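Student: Dock chain B against the given chain A, drawing on the hints supplied.
There are 2 protein chains.
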Amino acid sequence: MSLIQPRTLKGFRDYLPAVMIPREQMMQTARTVFRSFGFAPIDTPVLEYLEILSGKGSDETDRQIYRFQDNGGRDVGMRFDLTVPLARFAAQHIGTLGTPFKRYHIAPVWRGENPQAGRYREFVQCDFDTIGTTSVLADIEAVAVINQLLEAIGFDRFTISINNRTILSGLLDQHGLADKTVPVLRSLDKLTKIGREKTHEEMCRVAEISSEQADAVLALASCDGEAEEVLAQLPAITSGNATAAAGIERLTEIYRGALASGVPARRLKLDVSIARGLDYYTGVIFETTLDDLPEIGSICSGGRYDNLAGLYTKQHLPGIGASLGLDRLLAAMEQLNLLPDASTPAPVLIAYFDETHRDDYLKMAANLRLAGIGTEVYPEPKKLGAQLKYADSRGFTAAIVAGGNEWAESRCQVKTLATKQGADVAYTHDNPDALVAAVQAILQV
Amino acid sequence: MSLIQPRTLKGFRDYLPAVMIPREQMMQTARTVFRSFGFAPIDTPVLEYLEILSGKGSDETDRQIYRFQDNGGRDVGMRFDLTVPLARFAAQHIGTLGTPFKRYHIAPVWRGENPQAGRYREFVQCDFDTIGTTSVLADIEAVAVINQLLEAIGFDRFTISINNRTILSGLLDQHGLADKTVPVLRSLDKLTKIGREKTHEEMCRVAEISSEQADAVLALASCDGEAEEVLAQLPAITSGNATAAAGIERLTEIYRGALASGVPARRLKLDVSIARGLDYYTGVIFETTLDDLPEIGSICSGGRYDNLAGLYTKQHLPGIGASLGLDRLLAAMEQLNLLPDASTPAPVLIAYFDETHRDDYLKMAANLRLAGIGTEVYPEPKKLGAQLKYADSRGFTAAIVAGGNEWAESRCQVKTLATKQGADVAYTHDNPDALVAAVQAILQV
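First to last, the sequence lines map onto chains A and B.
Under the working numbering, think of the first position of the first sequence as 1, with each following residue one higher.
Under the working numbering, think of the first position of the second sequence as 1, with each following residue one higher.
Excised from the complex, chain A in its bound form (with noise of 0.2 Å):
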């Protein structure tokens, strides 16, 4: 019988250990945060009816989909993001769950994108929202998770910008120009790309505005400096209209309420110039850039949302959440070489090569567990020096020897792999203190 080539799709990869072992404390480290702040876990299934996946996203996401027929004849798609199956999700259960509902969902996600570098067409969202509130401690609380999200992954250099929507939408309003908000704001999220004179000239030529109102939306979008600075500078660019004040009242409460909050100030920058998502967000909105490596783009996004669920439910459900790049923070990590080296997820290996005394490294990793360390027995009495081959290989910390004189004698050998120095060690299976103790003092270091 010929071989079938083992192989994934393209734009499919699998994770080997050594990837997968720092992506699953990741998504463990966003559960215990999630969870610190009150937020509980959900899961939808992956495949979904169509027409509650399809049109909600862009024509871009909808092309996406990976959509068929199933069995019963039904028309059906894999979800291409977790947001669409939450409003759904909302629209289904919030009688029963009641309002605020904060809800976390990390899991996986499918579009048939064409791969680019790093890009995959499956990849993990790890998403956390509040819905059934407009309170600005809701808004405040994002910021907070955010902060505490980056910072347990074990990020210290990294900057929440953060803007409120309808502050720009005042100023619009302002100058007459509520009717042209998605042109210009089209033009304006190209500010940082193409600079202030060809945004100015592309807001004139293809929104139609004057230049003194040109002038006037680029004054509020380069409003620069300290949070404190830009707060204090924002009244008179917006010169006093209601709703610009009431939006950065809004904002100057986030800003305060995310420092009551411990996020450190030098993280957070208050960036007017942010739109994201023009129909979607209608208050709040954050992008997070790690500072070392700004180029990767936002790594956690989101903000705040009038209406989460209007297609499915006459229910008015307004709601805020972000999303965190998962994937693409463990890509950075590699390149910031933050991730450790090991593709073993417990520290300590016992060699075993005196057959007779199989029980007895059994018995011995048993101690070593319920003392709390991870131990594994090498499978097969092979000679010592493949058995340490296989624990440099795989990035064990520790090795622990013994040999017929060894348990003879009541002790073992504890080898330190980085310096390949061993100690003598007591032992025995109702006193294995000693050992615990040297073992600990190794993965300490």
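Hints are supplied without guarantee of correctness; some may be wrong.
The list treats identical chains as interchangeable, and a pair is accepted whether it falls inside one copy or across any two copies.
With a Cα cut of at most 27 Å, we get these calculated DSS-like pairs of lysine-lysine [claimed, not checked]:
| no. | residue 1 | residue 2 |
| --- | --- | --- |
| 1 | K56 | K420 |
| 2 | K314 | K389 |
| 3 | K56 | K314 |
| 4 | K198 | K420 |
None of these hints come from the bench; they were simulated from the model.
Since this is a predicted model, take the numbers as computed values, not measurements.
Tutor: Chain B alone, transformed into the frame defined by chain A:
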């Protein structure tokens, strides 16, 4: 615009927080146990080339594969188990990874079967395997992992039934029945259901064997009692056949090794009648049942196989593994009232009813989280009654109440929600110790 009906597909379900919290907890427990034995996580794509998936399970699973053509015209399918992807993965990567290779994989799979009570078309599998070794140590370890898994999840009364398929093979060989293995095993599988007499009758009729041959097979299968008794009886029943003798020797090593690994004898049963998966398993096999709910069947099964990935590679990859029936176990825990009744992952709710102190509530929450206490702040300044009702319905354990007076006097009220009792506790942002201690005392009750 008319609304789209929010609904899930037939055979699929949403997981709401009250169920998802313990489900996620169970997955996390499984990961922790797997890691402590040195099993490493991997992940594979949900979609595979159809040729990888089809023809690998039974005709039944073949029919159940969700399959379609993707936009690139490729025939693809959604995985129906984690074993076929592991075989493909191993064939593709074992050169890089080396052996022995120990992995776990916790992920959803899909089968378009007709949904029955408690069975869904999407469910999570939770597998662990050791590949590339025939060592008995790996067999023993699998028993130890199963024991540790169930213990860590919270079970005490369960039975791991162990058999070694080669004992029966030896016996069949001894009686000239080697070519009748499949029909004999098929009848034998019905023993517990239809009883000894009917099994005997069916064996003679369907497998066309003599009454004496059927007697010999049933004598083995009926061999019962304490493990050491079973081991003592087996040599006589198998009349000293060499294959059977080697099989008995191995079963003895597995049993004694499991005891050495800390598995209590009361949880181990040597059951030479279990056969499982006629073609796949070739050595030791396991089934695990809950002593208080045997009727739900095996909740963790597996065994040793000769060659994992023969369809994809010429490399011979023996291994051993088992699969935890996570969703079945969750249903069992629900039935046994072992699941906590909360739909919040944070135990503490801070009531928010004095808007001028919003930042104080946020700071207090940050302080509690710093002490490792999951804390939610109610997002809106509603009446206290409504907030406490919310706390009750979500299953919070403690609530903290502080209004203008309390803030002025550097104190707050801590309420135990189960008893409705409250206590005054000193609190300032700079010294939250008394509050932390008071809350910890409540949470430990």
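Student: Output the numbers, in ascending order, of every earlier hint that fails for this structure.
Tutor: 1, 4
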